Amino acid sequence: MSVIELKNVSKSYKGLSLFENTTASFEKGKTYGIVGHNGSGKSVLFKMMCGFVFPDQGNVLVNGHELGKSKRFPENFGIIIERPGYLDDKTGFENLRYLADIQNKISDEKIKETLDKVGIPHTIKQKVKNYSLGMKQKLAIAQAIMEDQEILLLDEPFNGLDIDSVENIRKLLKDLKTQGKTIILTSHNNEDIEILCDHVFRIRSFTLEQLK
Amino acid sequence: MKHLIFSEFKKALSVRFFLFSMVLIFLPLIVVIPIINGSYQFFRPFEVHSQLLSSSAIALLFPILLVPLFSGSYANEKKNNFLLYVKPRVRLTDYLFAKGLVNGIVTLIVVFSMIFIPFMFIEYLDRFFNVIQYEADYYEPVSVGTFEFLAEKSVFLYGVVYSIWVAINGALYVTVAYLFSILIKNRFVALTIPFLWWFIMNFVTGVLGIESFSPVYSVFPFLITSQPVWVVFVPFITLIVAIVGLLISIKLKNKVWVE
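Chains as they are written, first to last, in the numbering used here: chain A, 1 to 212; chain B, 1 to 259.
Take these hints with a grain of salt, some might be off.
What the hints assert, rightly or not - Covered stretches of chain B, going by a simulated chain A footprint (3 or more residues, C-beta under 8 Å): (1) 74–80; (2) 141–149; (3) 175–185.
Claimed, not checked - Below, a list of computed lysine-lysine pairs in the DSSO-like style, where the Cα atoms sit at most 27 Å apart: (4) A:Lys117 with A:Lys171; (5) B:Lys87 with A:Lys14; (6) A:Lys90 with B:Lys253; (7) B:Lys251 with A:Lys110; (8) A:Lys105 with A:Lys117; (9) A:Lys105 with A:Lys125; (10) A:Lys112 with B:Lys253; (11) B:Lys251 with A:Lys129; (12) A:Lys105 with B:Lys185; (13) A:Lys90 with B:Lys251; (14) B:Lys251 with A:Lys177; (15) B:Lys11 with B:Lys251; (16) B:Lys251 with A:Lys127; (17) A:Lys125 with A:Lys30; (18) A:Lys117 with B:Lys87; (19) B:Lys79 with A:Lys127; (20) A:Lys30 with A:Lys14; (21) A:Lys90 with B:Lys153.
Hints listed in this document are in silico derivations from the structure and should not be mistaken for laboratory results.
Bear in mind the structure is a predicted one, so any value in this text is a computation, not a measurement.
Beta carbons are placed, not taken as given, at the ideal position from N, Cα and C, and that holds for glycine.
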């Protein structure tokens with residue numbers, strides 16, 4: 001069953017053509033890797049999938065609903081796009097609590113558990129402005145998964161992580177896959193893609209070319 | 001929507017907010033009262049109150065004093081990419097509305113307290129402490145301007161209505177700053193526009209000889225003779241028109257919603 005479908009999508013961004021007549025579908029419970037050179041349009045592809053930007057032509061459907069027509073933003077998406085986002089004068093826990101308060105679906109305990117899972121001890125009182133790049137990245141992963149989101153769009157989730165943390169996050173993503181989550185990720189590291197992904201797409205000649 | 005409003009209140013009511021509010025509310029009382037006490041002749045307590053507001057930086061810097069309370073919050077969230085992670089969780093219009101509403105409410109409360117607490121001290125508590133010196137040899141009260149007519153009915157009513165008036169104006173000025181921070185990428189420019197408006201319009205109306213319509217005399221009408229009450233509503237309505245214009249611009253500016 002397709003959870004995300006791109007149908008004949010064309011998209012230019014800031015005057016540059018990125019996708020032309022691209023069609024692809026992403027099945028529930030699978031992990032997908034998107035590869036491509038810098039500026040090939042990976043982030044724009046993710047932005048189209050979660051309704052932040054719309055295709056110039058064609059349609060993006062999430063769970064059968066066309067984005068921009070019957071839906072603006074799809075529900076149950078956990079995302080990391082381009083770079084982590086945070087309130088720098090708050091702690092990691094406070095950042096997640098503010099995001100969680102918006103829908104009020106999860107408890108403090110769940111947030112603490114998620115922080116521990118990604119490798120940020122929930123007891124630390126450090127403000128995010130004092131976090132390393134790797135810790136900010138882990139915080140971004142935490143916000144993407146804390147509400148048991150069904151579809152995860154993770155743009156370079158391993159950026160800035162040390163070897164142990166990479167191992168930990170790989171294990172976490174595998175666990176999420178076994179729970180039936182659909183994961184679409186980008187990485188410049190082939191090893192991440194090979195270990196984690198069932199299917200791989202490469203962005204080439206303005207379209208998605210399936211490699212695996 | 002109630003979760004959003006609750007969440008925004010939690011963000012707004014930080015230790016920094018509390019300390020800054022305390023400074024706004026009590027610093028004029030602690031610093032300015034000793035300076036003006038004995039330097040001016042006072043016949044009635046609310047003359048002290050009006051002198052307190054016009055001698056302190058409150059009247060001069062009014063809009064810029066309020067911006068640090070909360071209106072920079074949206075600009076910070078945009079700068080640090082936090083907003084991107086809000087979008088999958090809620091409609092941006094609802095989020096912006098909740099943030100604007102909380103921004104207005106917290107400013108309203110702080111500004112009301114900033115005017116009303118010194119008023120209560122000067123009018124009712126000082127009689128137990130006798131800090132302020134009043135002229136006892138003769139009685140020649142000084143007008144406090146446009147709102148004097150309220151004091152003639154009831155001094156307490158004057159205190160309440162005048163505090164509400166300043167609070168509403170404060171909330172409108174921070175709303176303007178907030179809306180500009182949505183529209184303009186440069187947050188420094190966005191957040192200083194209300195102050196520039198305040199400063200420039202005070203100057204321009206002064207040059208044109210229509211200072212009774214200036215923003216400062218609309219909110220702090222102590223240094224001019226009493227005006228008909230409709231006069232203070234001219235800058236007030238201008239401010240509301242500006243807010244409506246900004247709301248329409250935000251609605252029409254696609255970039256706000258796409259980025």
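**OP:** Would you list, in rising numerical order, the hints stated earlier that this structure does not obey?
**Re:** 2, 3, 6, 7, 10, 11, 12, 13, 14, 16, 17, 20 and 21
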